[in-house]
Amino acid sequence: MEKQGFVASLVAGGCAGMCVDLTLFPLDTIKTRLQSQQGFYKAGGFRGIYAGVPSAAVGSFPNAAAFFVTYEGTKSLLSAGGALAAPHMAPVTHMLAASLGEVVACLIRVPTEVIKQRAQASPSSTTHHILLATLRAEGVRGLYRGFGSTVLREIPFSLVQFPLWEYLKTLWSRRQGHTLYPWQAAVCGAFAGAIAAFVTTPLDVAKTRIMLAKAGSTTARGNIPTVLYDVWKSRGLTGLFAGTIPRMAFISVGGFIFLGAYEKVRCTLL
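In short: position in the sequence shown from 1, add 2, done, that's the working numbering.
Don't take each hint at face value.
What the hints assert, rightly or not - Okay, the calculated beta carbon distance ranges per label pair:
1) R143 - P28: 29 to 35 Å
2) T240 - G141: 32 to 38 Å
3) L79 - G179: 26 to 32 Å
4) W185 - Y52: 26 to 32 Å
5) K44 - A135: 17 to 23 Å
6) P184 - R237: 36 to 42 Å
7) R237 - G83: 29 to 35 Å
8) K44 - A217: 18 to 24 Å
9) A251 - L109: 23 to 29 Å
10) A135 - P158: 27 to 33 Å
11) Y43 - V94: 44 to 50 Å
12) G83 - R223: 24 to 30 Å
13) Y146 - P93: 30 to 36 Å
Stated by the list, open to error - Below, computed lysine-lysine pairings styled on DSS-like, alpha-carbon distance capped at 25 Å:
14) K5 - K266
15) K235 - K216
16) K266 - K171
17) K235 - K44
18) K44 - K216
Hints listed in this document are in silico derivations from the structure and should not be mistaken for laboratory results.
Only a predicted model underlies this, so the values are computations on that prediction, with no experimental measurement involved.
Backbone N, C-alpha and C fix where the C-beta goes; we use that ideal spot for every residue, glycine too.
All chains should be modelled from the sequences, with the hints used to inform the complete structure.
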């Protein structure tokens, strides 16, 4: 990827990430509280809906920028030559690029997500207090609790969202005979995001439970099948899909803003 493309992906991805995380933060808080083990109202209900927003504000730009730089760079590299350069292999290229992008982004995303979700589930505590308490109790390792479950949630999500997004853009652009406008790419992003959000909600429930669990507990160990089985045993299918509606709303509207803003800023810079 050329330097101009690198800078465009970096800035566009970072701006898009900040737009979504800060605009739709209340929906994310509601989703976290619905998924928490203590239940929605005990986790804060509708009080302190912006609890944890400093963590999201700090992490959103570098997290999204890291994803898109890796995504565009990998896509460019894989499309340059070899078996994956063929047009019919485009979905595979998009899947691989998105998966690698998620792994890199999670190195930044997970610590901010841990602090953000703990603040959302304990609105009486400040973000700074929760950060210090986590470091005292678990060290830096505590900031990466749930890394595996986050990656295992994000990769299937990206495997659905990004190939579907790219496919819808290609389909729409062929039908109208020219490249899509940013708002059209945003509509494709909203649709792809909603489907991916629904499919991966159980994995998101597991990730939330692992991040919020007490240090040293069975849940905190991060065994996803065990966590999902416990949720199924205690709350059934409803528990596995807890927070589906706010999650789909967050990611659908978020996908519209995120991918639309990304396309707009990137096209402007290029």
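Each hint, compared with the structure:
The given range of 29 to 35 Å is respected by R143 and P28, whose C-beta atoms sit roughly 30 Å from each other. One distance hint, 32 to 38 Å for the beta-carbon pair T240 and G141, holds here, with the actual separation near 36 Å. One distance hint, 26 to 32 Å for the beta-carbon pair L79 and G179, holds here, with the actual separation near 30 Å. Take W185 and Y52: their Cβ atoms lie about 28 Å apart, and the range 26 to 32 Å holds.
The beta-carbon spacing between K44 and A135, approximately 19 Å, falls within the hinted interval of 17 to 23 Å. Distance hint check: the CB atoms of P184 and R237 are about 41 Å apart, consistent with the given range 36 to 42 Å. For R237 paired with G83, a C-beta distance near 50 Å fails the hint of 29 to 35 Å. The given range of 18 to 24 Å is respected by K44 and A217, whose C-beta atoms sit roughly 19 Å from each other.
Between A251 and L109 the Cβ separation comes to about 28 Å, which falls inside the hinted range of 23 to 29 Å. Here the CB-CB span from A135 to P158 is close to 32 Å, well matched to the stated 27 to 33 Å. Range check, Y43 to V94: Cβ separation about 45 Å, and the 44 to 50 Å hint holds. Taking the beta carbon of each, G83 and R223 are about 44 Å apart, not inside 24 to 30 Å as hinted.
The hint said 30 to 36 Å for the Cβ distance between Y146 and P93, and at roughly 31 Å that hint holds. A hinted pair counts as satisfied when its Cα atoms are at most 25 Å apart, and K5 with K266 qualifies at roughly 19 Å. Taken as a hint, the K235 and K216 pair is honoured in the structure, with Cα atoms around 20 Å apart against an allowance of 25 Å. As the CA atoms of K266 and K171 are separated by approximately 14 Å, the hinted pair is consistent with the 25 Å bound.
Distance restraint check for K235 and K44: the Cα-Cα separation of roughly 21 Å lies within the 25 Å cut-off, and the hinted pair is therefore satisfied. For the given pair, K44 sits about 16 Å from K216 by alpha-carbon distance, which is consistent with the 25 Å threshold.
The structure fails to meet hints 7, 12 from the earlier list, while all remaining hints are met.
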